[in-house]
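Sequence lines, in order, name chains A and B.
First residue of the first sequence: 1, per the UniProt record's numbering; consecutive thereafter.
First residue of the second sequence: 1, per the UniProt record's numbering; consecutive thereafter.
To be clear, the hints were calculated from the coordinates, so they are not data collected in a lab.
Since we're looking at a predicted model, the values are computed, not measured.
For each residue, glycine too, the CB sits at the ideal point set by N, CA and C.
A hint or two may mislead.
[As the list claims (entries may be wrong)] Taking lysine to aspartate or glutamate pairs in the DMTMM-like style, the calculated list, with each CA pair at most 25 Å apart, reads:
1. LYS269/B with ASP296/B
2. LYS745/B with ASP735/B
3. LYS2/B with ASP281/A
4. LYS202/A with ASP551/B
[Stated by the list, open to error] Restraint ranges, calculated between C-beta atoms of paired labels, are given here:
5. LEU96/A with LYS745/B: 22 to 30 Å
6. ASP695/B with ASP163/A: 45 to 53 Å
7. HIS360/B with TYR324/A: 35 to 43 Å
8. THR166/A with THR433/B: 48 to 56 Å
9. LEU96/A with ALA711/B: 37 to 45 Å
10. GLY280/A with ALA711/B: 53 to 61 Å
11. ALA450/B with ASP269/A: 45 to 53 Å
12. SER271/A with GLN451/B: 52 to 60 Å
Take a look at the letters that make up each chain.
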Amino acid sequence: MTDLAQLELDLINAIGSAESVAAVEEVRVAALGKSGSVSGLLKGMGALSPDARREQGPLINGLRDRVSAAIAARKAELEADELDARLLAERVDLTLPPRPRRKGGVHPTMQVMDEMVAIFAEMGFAVAEGPDVEDDFHNFTALNFPPKHPAREMHDTFFLKPDPQTGERKVLRTHTSPVQVRTMMSQQPPIRIIAPGRTFRKDSDATHTPMFHQIEGLVIDRDIHMGHLKTTLQTFIGRFFELDEVQARFRPHHFPFTEPSAEMDIRCDRSGGQLTFNTGDDWLEILGCGMVHPNVLSACGLDPNEWQGFAFGMGVDRLAMLKYGVPDLRPMFDADTRWLAHYGFSAFAAPNPASGLS
Amino acid sequence: MKFTLSWLKDHLETEADVHRIAEAMTMAGLEVEEVLDPAAKLAPFTVAKIVSAERHPNADRLQVCQVETVDGMKEIVCGAPNARAGLTTIYAPIGAYVPGLGVTLVEKPVRGVVSNGMLCSAAELELADDSDGIQELPPEIPVGTPVAGLFGAEPVIDFEVTPNRPDWLGVTGIARDLAAAGVGRLKHFDIAVVRGGFPSPVSVRIEASEMCPVFAGRVIRGVRNGPSPAWLQKRLTAIGLRPINRLVDVTNLIAYDRARPLHVYDLAKLSGPEIVVRAGQVSAQTGEAEHLIALDGKTYAVQPADCVIADAAGERPIGLGGVMGGESTGCDDDTVDVFLESAWFEPLVIAQTGRVHAIHSDAQYRFARGVDPASVTPGLELATRLILDLCGGEPSEIVYVGEPPANPAPIAFDPAHVKRLTGMSLADDRIGTILGQLGFLVQAAPEGQAQPWIVTPPSFRRDVDGPADLVEEVARIEGFDRLPDTPLPPVARPAGGVLNPRQARVRTARRALAALGYAEAVTWSFTKQSTAALFGGGDETLVLENPIAADLDCMRPSALPNLIQAAARNAARGFAEAALFEIGPIYLGDGPNDQRTVVAALVAPHAARHWAGAGEDPLFALKGDLTALLEEIGAPVASLQLAQGSNRDWWHPGRSARLQLGPKNVIVEFGELHPRVLKALDADGPMLAFEIVLDTVPEPRGKGSKARGPADLATLMPLTRDFAFVVEDAKPAGDLVRAAAGADKALIAEVRVFDVYRGKGVDDGFKSVALEVVLQPRQATLTDAEIEALTARVVAAIEKQGGRLRA
Numbered sequence: 001m002t003d004l005a006q007l008e009l010d011l012i013n014a015i016g017s018a019e020s021v022a023a024v025e026e027v028r029v030a031a032l033g034k035s036g037s038v039s040g041l042l043k044g045m046g047a048l049s050p051d052a053r054r055e056q057g058p059l060i061n062g063l064r065d066r067v068s069a070a071i072a073a074r075k076a077e078l079e080a081d082e083l084d085a086r087l088l089a090e091r092v093d094l095t096l097p098p099r100p101r102r103k104g105g106v107h108p109t110m111q112v113m114d115e116m117v118a119i120f121a122e123m124g125f126a127v128a129e130g131p132d133v134e135d136d137f138h139n140f141t142a143l144n145f146p147p148k149h150p151a152r153e154m155h156d157t158f159f160l161k162p163d164p165q166t167g168e169r170k171v172l173r174t175h176t177s178p179v180q181v182r183t184m185m186s187q188q189p190p191i192r193i194i195a196p197g198r199t200f201r202k203d204s205d206a207t208h209t210p211m212f213h214q215i216e217g218l219v220i221d222r223d224i225h226m227g228h229l230k231t232t233l234q235t236f237i238g239r240f241f242e243l244d245e246v247q248a249r250f251r252p253h254h255f256p257f258t259e260p261s262a263e264m265d266i267r268c269d270r271s272g273g274q275l276t277f278n279t280g281d282d283w284l285e286i287l288g289c290g291m292v293h294p295n296v297l298s299a300c301g302l303d304p305n306e307w308q309g310f311a312f313g314m315g316v317d318r319l320a321m322l323k324y325g326v327p328d329l330r331p332m333f334d335a336d337t338r339w340l341a342h343y344g345f346s347a348f349a350a351p352n353p354a355s356g357l358s
Numbered sequence: 001m002k003f004t005l006s007w008l009k010d011h012l013e014t015e016a017d018v019h020r021i022a023e024a025m026t027m028a029g030l031e032v033e034e035v036l037d038p039a040a041k042l043a044p045f046t047v048a049k050i051v052s053a054e055r056h057p058n059a060d061r062l063q064v065c066q067v068e069t070v071d072g073m074k075e076i077v078c079g080a081p082n083a084r085a086g087l088t089t090i091y092a093p094i095g096a097y098v099p100g101l102g103v104t105l106v107e108k109p110v111r112g113v114v115s116n117g118m119l120c121s122a123a124e125l126e127l128a129d130d131s132d133g134i135q136e137l138p139p140e141i142p143v144g145t146p147v148a149g150l151f152g153a154e155p156v157i158d159f160e161v162t163p164n165r166p167d168w169l170g171v172t173g174i175a176r177d178l179a180a181a182g183v184g185r186l187k188h189f190d191i192a193v194v195r196g197g198f199p200s201p202v203s204v205r206i207e208a209s210e211m212c213p214v215f216a217g218r219v220i221r222g223v224r225n226g227p228s229p230a231w232l233q234k235r236l237t238a239i240g241l242r243p244i245n246r247l248v249d250v251t252n253l254i255a256y257d258r259a260r261p262l263h264v265y266d267l268a269k270l271s272g273p274e275i276v277v278r279a280g281q282v283s284a285q286t287g288e289a290e291h292l293i294a295l296d297g298k299t300y301a302v303q304p305a306d307c308v309i310a311d312a313a314g315e316r317p318i319g320l321g322g323v324m325g326g327e328s329t330g331c332d333d334d335t336v337d338v339f340l341e342s343a344w345f346e347p348l349v350i351a352q353t354g355r356v357h358a359i360h361s362d363a364q365y366r367f368a369r370g371v372d373p374a375s376v377t378p379g380l381e382l383a384t385r386l387i388l389d390l391c392g393g394e395p396s397e398i399v400y401v402g403e404p405p406a407n408p409a410p411i412a413f414d415p416a417h418v419k420r421l422t423g424m425s426l427a428d429d430r431i432g433t434i435l436g437q438l439g440f441l442v443q444a445a446p447e448g449q450a451q452p453w454i455v456t457p458p459s460f461r462r463d464v465d466g467p468a469d470l471v472e473e474v475a476r477i478e479g480f481d482r483l484p485d486t487p488l489p490p491v492a493r494p495a496g497g498v499l500n501p502r503q504a505r506v507r508t509a510r511r512a513l514a515a516l517g518y519a520e521a522v523t524w525s526f527t528k529q530s531t532a533a534l535f536g537g538g539d540e541t542l543v544l545e546n547p548i549a550a551d552l553d554c555m556r557p558s559a560l561p562n563l564i565q566a567a568a569r570n571a572a573r574g575f576a577e578a579a580l581f582e583i584g585p586i587y588l589g590d591g592p593n594d595q596r597t598v599v600a601a602l603v604a605p606h607a608a609r610h611w612a613g614a615g616e617d618p619l620f621a622l623k624g625d626l627t628a629l630l631e632e633i634g635a636p637v638a639s640l641q642l643a644q645g646s647n648r649d650w651w652h653p654g655r656s657a658r659l660q661l662g663p664k665n666v667i668v669e670f671g672e673l674h675p676r677v678l679k680a681l682d683a684d685g686p687m688l689a690f691e692i693v694l695d696t697v698p699e700p701r702g703k704g705s706k707a708r709g710p711a712d713l714a715t716l717m718p719l720t721r722d723f724a725f726v727v728e729d730a731k732p733a734g735d736l737v738r739a740a741a742g743a744d745k746a747l748i749a750e751v752r753v754f755d756v757y758r759g760k761g762v763d764d765g766f767k768s769v770a771l772e773v774v775l776q777p778r779q780a781t782l783t784d785a786e787i788e789a790l791t792a793r794v795v796a797a798i799e800k801q802g803g804r805l806r807a
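Put together the whole structure using the sequences plus the hints.
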């Protein structure tokens, strides 16, 4: 065996038995470093005769290349082993829970309010608002409730204490109709608005709370009639309950502020404690509506011979309960965090025409 | 209002069954609430005859009967002692539901003998409370006769009378509308005049014509009072009225038949020959109200606003006119001579008397809504006729004082108005017919003349005073199911959406807070006055005169007290961790512009312990949420100043602050709530909150265009430099950040506080604040000299604030 062959064998053995990247590096320095054994051979080639160089050159260069390759391979192998060992040491217990995310939500009444606004916005209704604390004129007189009229009693009105100077008693609005009055008094027809908001009646039992929410609507133009009322409300109810068709009926009723007046019912089935629409023999009262009474138009400064139109009103909380199967009214205003978590809506369930109402 | 089918049929010729009638009523505006059909549960039961009865082979007390039934001969086992051959009784077939037992009959052997049905007692059919054996019926009733017809169990309809239709408080009024709606033909009765045999010995004087414009009456002598005949008792009991005696029952009958209340006085108990109709009196000496013991046995202190019927020359009250008679002059079985009253009382007076004294009689209910003034005399004549028929006696002439209120005025009516308001196309003839059937007098213009009709409402329709009312009459009788389908004409919608900026902000704030982990609550607009006072409210002008509860008597000046109490309620249920928000009104005064919209949020920080240790400080988490929310709603976050120490007194003085555009333009207060306030509300602290007054948040500028301008994407890498400054402990870190950022507004992109340190190495009363300053080169990479200069400027700026570079 030649010296060169012996050297190569020794180096390959040394590389193979190196147990760390550092040990491999030591071998590399000993062989290929400035004063390494292979480097020494390469340097010594200059002293050889051309013939000897022609013979020895390829042998020494071959040796160097093979040793370099072996070093690189061993190094890569050892690095991979080290990474494996390190990653194994980095293991964590992923069965541990993350920090809990606090989950928020939108109240069902407000979700439904947003849904209703979205549907009516599609039909060109603007949103009008007004104060909760009202005066007698806007809540009653302008709406064709004559003073002392028994119909006022039916509203179970909350009164503020009378003004010590004037004796005037402010009321908490019993419906959002005063917003209609304020709208008619402040803008010229055509009018197409909805008026959502808080309303108040002194009533408290399983199905009544002293505060609740209404959405009312008002359309005034020269030739709006009950056919428009019917189609508008049927369309609205269909979209709100996400039904392809609505089996509704309009039933005569009485309200001081509309003439003719009607209530709208939807056909339903309540057997088995489950409410299903468009089937069965029951009717569910949904809302009240009618043609704006000429006295109301006059009180708001509109000539009833020139302008006419319809109005409607509905309970938002009640419709929320019907749509989303909320059994009781009173917890809606109790802010029980468990109830809110159960009946609340995701922040991202904002109604839109592409993905639906909720 | 309740009535029976047979009563209706006295006034309406119809073949319609009770369900068809109920349907027609509802669709004509008489909203049926309930149809009670006792006949329905009796439907399976029929009359049967026992042919033979023999002792049961295996039981001494049972008999095996052969019974002739509607289903042929049946063998039935019966345990009743009175079961015997020849008895006519009640048969229930297999499958029948026996209401008194609550069971459905099945075919099964009784002690070895199969019973093919059941013989029933009255109690088993719920026709009697208890029974002694099976029902014994007269033998002449044929086998197979339905039992329902034998016991007078007839259907009763209960419906809602809207306040505009007092005429529906009489069965005749219901019949009239049903006839117009096509359910049958209205029967007309002529009420015969009963001639009086002598002048009325009782005279009437009206002193209060504004309460009672017309009063009529007559004396009937020599009546025999006592229990009413069966037909009358049955009619009254069927609708839930208690029969009293003939005289009273007659007045009740007419109240429900004609919506015409009447009253009878026992003449012997009247003091003096004159009845005076006047207002209630208050004694001039004592100031005390006069008292009346009414027929309900209760004593009422009469008010000057009440209408009083008095005798003894007007001195003694003997009744509240139109509401209830007095006990002192009531009729009983010994009554011989009576004075019969038929009057008309002003509805508003009667409504108020009923309300003030909480009396709700049938008379009060009718007069308060408005009785037909034209029924004064006919009602009196009809009652006289019935009393004479039932009690005998001799009537006087009628005494009639005063003037009834005017009839409704004629209305000029263009029949085309029906189509204009409803969209329904009806022939003029049809319109005229409907109005005519409802009792309106229609005078159409002569053919070819374009004049409106003249339509006069009947005296009992005082609710009708304009063309729209007439349209309603026509439309409801024709049926709202004939309304056309007409979509609204399309309108140009506002291109930017229908919500105004404030409404849009409310919507954004709601979704943003929900996304930040807050649950939306909706709480009362009211709170307790003393609670309101804790939050800067509680003014007398916002206190309710008639609150629903003592602790809900004041309009809230803030949404926070309700949220605090809500969190406390949750804690009391065992769920102390809460993050709630509410977007709603607060009330600063009772004027139309005194309402504000707030976005209020509350955190009760009780996060469960976590294996990785405590998370972010809840107070700074709240501040972060608030900042994120303000950014979402487009508030000018960069321009907001934070002021600490000036919050109102429901905030923790050291752990709360406000964000403002100036000292007078506060947008939000936030931080920890004052423990004193929490204690007053029975809430365990700490609780953190913020309340944004949305109306104070300026709207974003530059509405004109939604374009955003070019993005600032610097091509050079930003670099950072860290500093640590020592400042007095009380020095707000915010001042240092602002000062550092101001050292070079062009180059310094951001200043971050990455450490606040007190302790070893820093003197007592001082702290070290470490800042990371981010530099964003614009034109060219910064040279070392430039960075040096900038660093010096930052240090100088902080030194001006009293800080020095930490050694």
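Requested in this report: Look at the Cβ atoms of SER271/A and GLN451/B and judge whether their distance stays inside 52 to 60 Å.
Outcome: holds (56 Å)
Requested in this report: May I ask you to test the hint 45 to 53 Å on the CB atoms belonging to ALA450/B and ASP269/A?
Outcome: holds (51 Å)
Query raised in the report: Can the restraint linking LYS2/B and ASP281/A be considered satisfied, given a maximum Cα separation of 25 Å?
Result: At roughly 23 Å apart (the allowed maximum being 25 Å), ASP281/A and LYS2/B satisfy the hint.
Query raised in the report: In this structure, is the beta-carbon distance linking GLY280/A and ALA711/B contained in 53 to 61 Å?
Result: holds (59 Å)
Query raised in the report: Does ASP551/B lie within 25 Å of LYS202/A when you go C-alpha to C-alpha?
Result: OK: LYS202/A and ASP551/B at ~14 Å, within 25 Å.
Query raised in the report: Do the beta carbons of LEU96/A and LYS745/B sit within 22 to 30 Å of each other?
Result: With Cβ atoms ~46 Å apart, the hint is violated.
Query raised in the report: For the pair ASP695/B and ASP163/A, does the Cβ-Cβ distance stay inside 45 to 53 Å?
Result: violated (25 Å)
Query raised in the report: Taking the CB of HIS360/B and the CB of TYR324/A, does the distance hold inside 35 to 43 Å?
Result: holds (38 Å)
Requested in this report: Take a look at whether the Cβ-Cβ distance between THR166/A and THR433/B falls inside 48 to 56 Å.
Outcome: holds (52 Å)
**Report entry** ALA711/B and LEU96/A - C-beta distance against the hinted 37 to 45 Å
**Finding:** holds (41 Å)
Query raised in the report: Can the restraint linking LYS269/B and ASP296/B be considered satisfied, given a maximum Cα separation of 25 Å?
Result: Holds, at roughly 18 Å.
Query - Satisfaction of hint between ASP735/B and LYS745/B, Cα-Cα up to 25 Å - result: Holds: LYS745/B and ASP735/B sit about 15 Å apart, inside 25 Å.
Consistency note: the structure conflicts with the earlier hints numbered 5, 6.
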